[in-house]
Amino acid sequence: METNQECSFDRPVKEKERHVKANARDYNDKFHYADNRIKTSKYNVFTFLPVNLFEQFQRVANAYFLVLLILQLIPEISSLSWFTTIVPLVLVLVITAVKDATDDYFRYRSDQRVNNRQSQILIKGRLQNEKWMNVRVGDIIKLSNNQFVAADILLLCSSEPYGLCYIETAELDGETNLKVRHALTVTSEMGDISKLIDFDGEVICEPPNNKLDKFTGTLLWSDNKYPLDNEKMLLRGCVLRNTEWCFGLVIFAGWQTKLMQNCGKTIFKRTSIDKLMNTLVLWIFAFLICMGVILAVGNTMWESWIGRNFQVFLPRGEIQSSAVFSGFLAFWSYVIILNTVVPISLYVSVEVLRLGHSYFINWDQKMYCAQTDTAAEARTTTLNEELGQVEFVFSDKTGTLTQNIMVFRKCSINGHTYGDLYNEFDQKVEITEKSACVDFSFNPLSDQRFQFYDGSLLEAVKLEDAAVHEFFRLLALCHTVMSEEKSEGDLVYQAQSPDEGALVTAARNFGFVFRARTPESITLCEMGRAVTYRLLAILDFNNVRKRMSVIVRNPEGQIKLYCKGADSIIFERLDPSSEDLMHTTLEHLNEFAGEGLRTLALTCKDLDEDHFDVWMKKLLFASTLIENRDDQLAELYEEIEQGMKLLGATAIEDKLQEGVPETIACLNLADIKIWVLTGDKLETAVNIGYSCNMLRDDMNEVFIISGNTLLEVQQQLRNANEQILGLSGVCGAEDSDKTEMSADDSVFEESIIAEYALVINGDSLAYALDPQLEHVLLDLACLCKTVICCRVTPLQKAQVVELVKKHKRAVTVAIGDGANDVSMIKTAHIGVGISGQEGMQAVLASDFSFAQFRYLQRLLLVHGRWSYLRMCNFLRYFFYKNFAFTLVHFWYGFFCGFSAQTVYDQWFITLFNIVYTSLPVLAMGLFDQDVNDQNSLRYPSLYKPGQQNLLFNKSQFFLCTLQGLGTSFLLFFIPYGALSVMVREDGSHFSDQQTFAVTVATSLVIVVSVQIGLDAHYWTAVNHLFIWGSLIVYFAILFAMQSNGMFGIFPSQFPFVGTARNCLAEQSVWLVILLTSVVCVVPGLVVSFLKVDHFPTLTDKVRRLQQYRKKEGPQKKNLKRVSRTSSRRSAYAFSHQQGYGELITSGKNMKVGSVFSARSPGRTPNRFVWIENLLKKKNEVSCISDENIETQTAQQQCTG
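Residue numbers (the numbering used here): 231 to 1430.
All clues stand as given, with none of them false.
Simulated crosslink set (BS3-like; lysine-lysine; CA at most 30 Å straight-line): (1) 372 / 269; (2) 499 / 596; (3) 499 / 272.
Everything labelled a hint here was simulated from the structure, so no lab data went into it.
Using the sequences provided together with the hints, build the complete structure.
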């Protein structure tokens, strides 16, 4: 698969239009078009070191520590050795460089795999195998069946008649159903190489852009002009299917292809904690400067008042004798000494934690899909904690929420329903995997993959029930499916939409097999008997008609009209004799719709020969009109589709991904808003909304925004806003200023008790995203529980995400599976790609990927929440221990003449963050859990503190700073006061600084180790090993470095010889260490106990409940899909494009041998404007917010 993570190219001046001449490389080279090479890697062998170092030192922290290193090389101001800074700095640079090099190497390998694919190019009169990267604009290339399209090419000819070919666009839009493309008539016969060599046509077309569904151009050839559109283009990333070969002219190559144009600009993503840390580092630096100034002023004053007295035996130079200059030097010395308040090891530790959290996602077996052998993958290591703060999820529909698979589930025929299972007591039972399927072995042409569970329908077919036979005969005749019989009985249906494929397959299995078609006829195999119907006319589908009809002559000579479509449309055109049956069928349709199934009503009509002849003459005349042609055809269709007889209805399941409704319900309980952004039509998107329980009949209102002008959209948005505010009784509709102010307030949004949904189409969205209306749109959308945007372009998806990012300041997730989702995925804070059988473009552009939508629940509520919790605890503890460690120098400054003397041994300063305290804090940051994964999913409200950024923010930083400040104060003054009055066992005083340093250092290590032990909620063997092991390592290194042996080898580097064994041998020193540790730890312990006991959070309650249930074993989460009783039936199962009937009756998609010379009089083109409308239902029912339900549930479960 192709990579499109980072398109870094030198791009020429933007084109206004493109000129491409076939077989003329010299001509095309003048325009300097991009070649077909893909390059997403950033470095090469020569540029890696300088470029990577330049990038790393653009980070403020790295540059800050580099400056400190330079300062430490100046002897006059440095109290520390240079290695205390250079060792951790080099470690950070090396680790980051290795990580960057590894990532870039994988990008390079992926580039090479794509660039080295083979393609056949017509060069110098013959086909030559060339690598993809050598394909150039203007080349004619040959594609074979099942081969990826190398570039965006204009289809010239193919092995199929009339230059047709079939393509799969899963790489682009995640859809696996085949699409048809056809060449111009003038080029479709150029299948011979000699003709292609002589082809010198010139294409003038639009410049490169990211519009996957649009292309405009003109072919100039032989002094004629031929219009070009998207139906004649094969885009890079498509796969040629069911077509032996085809030839095409390369129009766009490389990064200028529409696929790569949809990469979007790669945005460097940083978490909110990263941004907060940058702010805090600036604060700390300012605090460091303030401390340095205070101590420098103190040094100046001390030198002025006291220091001059020492010049008698410590003479100084003229410059050094200046008290002001001494203070200046002291300032820089203290900047160096106090820099450990933000050590470079913090950034190393953060990267290690993120890497560990990423591996936990990769290793999670509960996010592994066995069907596709796909594990979850964290494709970035920088965004893990952001997963715990998500407020908005933007999801694609096809391939993300749904499988894009339609299954025939139920039907109603002549007032009887089929599809349910009943037991011996005539009670309906649930269909499971163990339920027995109907045996279709009587039918040698059946599809073995088709499953149906109600045997009574097959019995009705075998008993030759006339209504049942006519029902399936309609399904086998009224469609636009193409049939391909690879071998005797091996039928393959090429359906332009999965809806039709499911219906035709159902008819096939019940004995009415669609075998073949020509422009003039349709051949069926009815219960084993071949029957050919003459096709007289196809009354094509469009979104206004919401129905499709065929007119056929059966073998008995009767003319029959068969029609299928939306019941709301069909029922208006029924014969009065079907009224009773209509009411019965209506009840069945309500039942089907309540189960989330997509429905169609089926009708038929016997036509009189004379009446049909008159109507056909009108149709032929209308088809020749230039003006109002579509309107005239629509009137004629309306005329003949009256007085029809109702046969029944079908119910198709648009199969959702497993666990989608449950996942959406759980995320809603966590206050995560889910918006669906899809390119599908409004009917389909709304139906999926009902299937997922995002839309429900008990909602107060579902607002449909479908205006065609700016004013219409503005009025509809404002009316919806006023209706919400008026019904909620929060404020008067006339108070518009207050309304706008309140709508921006999240508190106001939560006060809306009623539930609303917003559905807006792409055309209206284009106006709504205008700067004048975007705030109105956002306010309304945030007041609604569900938002669905349909018919949206990839750019509009990104714009909607950007709108929320910009104005709501909330963390966003975009999830999709196709190239049309790439822009949205890259724009969101976090991009998630659905991997598996669909295209890989979304995965390659994503930050995280997995196989099914349901894993999003675990990614956010478990891994995201844990990552956020661990990172926040880590940062709070890290800042606390480093303030406690570093500020001891500040207090010491007042007792050492502000001389910038360090309290600790310089080796302790070097190793404190790298060795002594690094592993315990890493263990907490990697493994800590406040509650287990089952309870994280059972109580989604546990997720809310992350959304509100409660666990680590500026106030939390201030509190941990105060705690560190207080600890440092106690760490200094308790040992100072104790040692000043204590004596050794031999009666001598503790008067040396080295004993004081060891006492303070030991107390510090014990305090921070005990504190992290108290803060840990989840103990593992690793925690025990790291915490207690670090204490052991501290004492081992302490005694080793202060031994006689080390002093004998490196006397200048280890001056604290014998201090440890001398002072720690004294019982009074251990008493001081114990007293200091207890006094430092107990206050925090008391505060924590009182908070949990008197002001428990939901986390505290759940943790306590978890402890009570620990012996009971895991309890399965019970989130069942709520069935709905619905009167809504407008979401019919019919999604193929208008105009496909014309393609069939023209014969252009038939094999040459099956195309008759005669033409059907019903073959009239009809192109209608697609108008999406949906009747809004007003069903005001009082409802309880999810938050209240969930709070009550938590209270009930926590009562014990």
